[in-house]
Structures are given as structure tokens and as C-alpha cells.
Amino acid sequence: MIQLGLFYIAATITIASSLLAITRHNASHALIYLIVSLLGSAIVFYVLGAPFAAVLEVLIYAGAIMVLFVFVIMMLNLGAAGVKNEQQWLKPRTWVIPSLLCLALLAEIIYLLSSSNQALSGVVIGPKAVGIELFGPYVLAVEIASMLLLAGLVGAYHLGRRYLIDMRGESI
Amino acid sequence: MSAALTIPMEHGLLLAAILFSIGLLGVMVRRNIIFILMSLEIMLNACAMVFIIAGAHWGQPDGQIMFMLILSVAAAEVAVGLGLLLQVFRRFDSLDIDKANRMRG
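So the protein sequences, as listed, match chains A and B.
Just so you know, the working numbering puts 1107 at position 6 of the first sequence, and the rest follows in order with no gaps.
Just so you know, the working numbering puts 20 at position 15 of the second sequence, and the rest follows in order with no gaps.
It is worth saying that the hints were derived from the structure and are not from the lab.
Ideal placement from N, C-alpha and C gives every residue a C-beta, glycine not left out.
Certain hints may be false.
To be verified - A few chain B residues facing chain A, derived, Cβ under 7 Å:
1) Ile27
2) Gly64
3) Leu74
4) Ser77
5) Leu89
Claimed, not checked - Listed next, the stretches of chain B that the computed footprint assigns to chain A, with coverage defined by at least 3 CB atoms under 8 Å from CB atoms of chain A:
6) 16 to 23
7) 34 to 42
8) 78 to 88
With the hints as extra help, turn the sequences into a complete structure.
Here is the structure:
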């Protein structure tokens, strides 16, 4: 029954931080709540017996994809407004709630790791089974994913070029 | 296999549905492009969660493979989306999506 409790705590944290994320005025604060929400869903995946998916969620979603958001918010924050934002960061009320939610998730993962595998749900599908399946019957899907990522790379490179701004003067 | 799973599948699906609704609400309510992209991320994450729950329910690794595919879709989407966001900010000096509601040739 203990994994039920862990699942519901993580689910509550995920829902609460998602709600807080879409109601913030400041994009950076929303980003922190979104990262907490993704960490919460990683715990949900772990409790559900998908440890590899939980690791990927933290590494790629909460790590790589959120870093892109951070870079863009940094690029858009210019001049004195950025300095004012920096002062707001030091106020405790902006970081106390995400820290408490993160601490709850940390306590859960420490409990899960210290109690060996008892807290997991019945079937654990490890990385080995996923890898065998991924490069066996699903190898075509891997190729499609690689082409999709290449298309995303080319698209992002094209959209990020600066010459598109200069066209504004002619087209308007 | 499903007897071994102690977490009811319905509760997991309910969690995913709530997360998806939160993301949809964010897309419809917010007018800032950054928040719309974040809400899209929440929605994609909810979809991935459904695959994980189904994979755990039947004890098959296929759910996690679909999760990885959704992950790569999200990565590609966010790269293109943030590139578009930068272009909108350079053109309109604002992140308000309502300022970009006119199509010009």
C-alpha cells in the first residue's frame, strides 16, 4: 500500500505545480514550477515500474528541453528589466514553494531507493527489455525519430537566422 | 500481469487527463507565446504518461518506446517553437500572440 501513497503524493505535486506554472505572470517562475511538475511525473513513472522512462524524463525533459526555455527567456530579458528581475529572485516567496515541492519529491525518491524494490509496483520493465524491443521490432521508429530530429534542427536553424528580420523593411 | 500492478490504472489515467486539461486550459487562456509552449509541453507529457501507464498495465516495454518517440517529438517541437518565438519577438517586439493575428504575404 505504500506505493499507492507515493503515487498520490507525486500526482498531487505534479498537478499543483502544473496549475501554478500556467498561472504565473513571470516566465522564469513558471519555468521552475514546470520543472517541478516534470520531476513529479518522473517519480510517477518510477513508481509505475518504468525506471528508464523516469531517467529520460529528468534528463531530456527537465534537463535539455527546459534549458532551451531558459536560454530563450535569457535572450529576451534585456537591460534594466533583467536586473530588476534578478533582485526579485532573491525574495524568498519566489523560491520557497518550488523548494518545498522538490523536497517532498526528494524524500520520496530517497525512500524508494533505500527500501530496495519493495515500494515499486509489481512489474518493473528495465532498460534492457526496452533496448531489445527498441532496436528489434521498433528500429524503423528509431529512424523516423532521427529524421524528425533532423527536420527540427534544420527548421530551428532556419528560423533562428537574422536575415528574416531584414526582410521586414521590404515586405511591410 | 495486470494483477501485479497495485496502482489502479484508472487513477493513473485520471492523473494524465487532469494534466492534459491543465495544458489545454493554458493554451486557451494564456496569450504569451512562452506560456503557450509550456502548456503544450504539459499536454505532451500527459500523453506520454498514458503510454507509460498502459505499458505498466500490460507489463510490456512498448509503452516506454512510445514514450521515447513522444520525447523526440517534444524536443523537435520545442526547437522549432522557440525559433518561431524569437522571430515573433523580433518582428513585433512583443510576445503577445494576438499581435501576430494578421497574415501578410
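Hints versus structure:
Annotation: interface hint on Ile27(B) holds; nearest CB of chain A at approximately 5 Å, less than 7 Å. A hinted interface residue such as Gly64(B) counts as satisfied when its beta carbon comes closer than 7 Å to some beta carbon of chain A; here the least separation is about 4 Å, so the hint holds. With its C-beta approaching chain A no nearer than about 6 Å, Leu74(B) sits inside the 7 Å limit, and its interface hint holds. Hint status for Ser77(B): holds, given a least beta-carbon distance of 4 Å to chain A, under 7 Å.
For the restraint placing Leu89(B) at the interface with chain A, the shortest Cβ-Cβ distance is roughly 6 Å, inside the 7 Å limit, so the hint holds. Chain A is given as covering the segment 16 to 23 of chain B, and this holds because 4 residues of the stretch bring a CB closer than 8 Å to a CB of that chain, at least three being needed. Given as covered by chain A, the segment 34 to 42 of chain B passes the check, having 6 residues with a CB less than 8 Å from a CB of that chain where 3 are the minimum. Coverage of a stretch by a chain is defined here by at least three residues with a beta carbon nearer than 8 Å to that chain's beta carbons; for the segment 78 to 88 of chain B and chain A the count is 10, and the condition holds.
Hint compliance for this structure: every hint is met.
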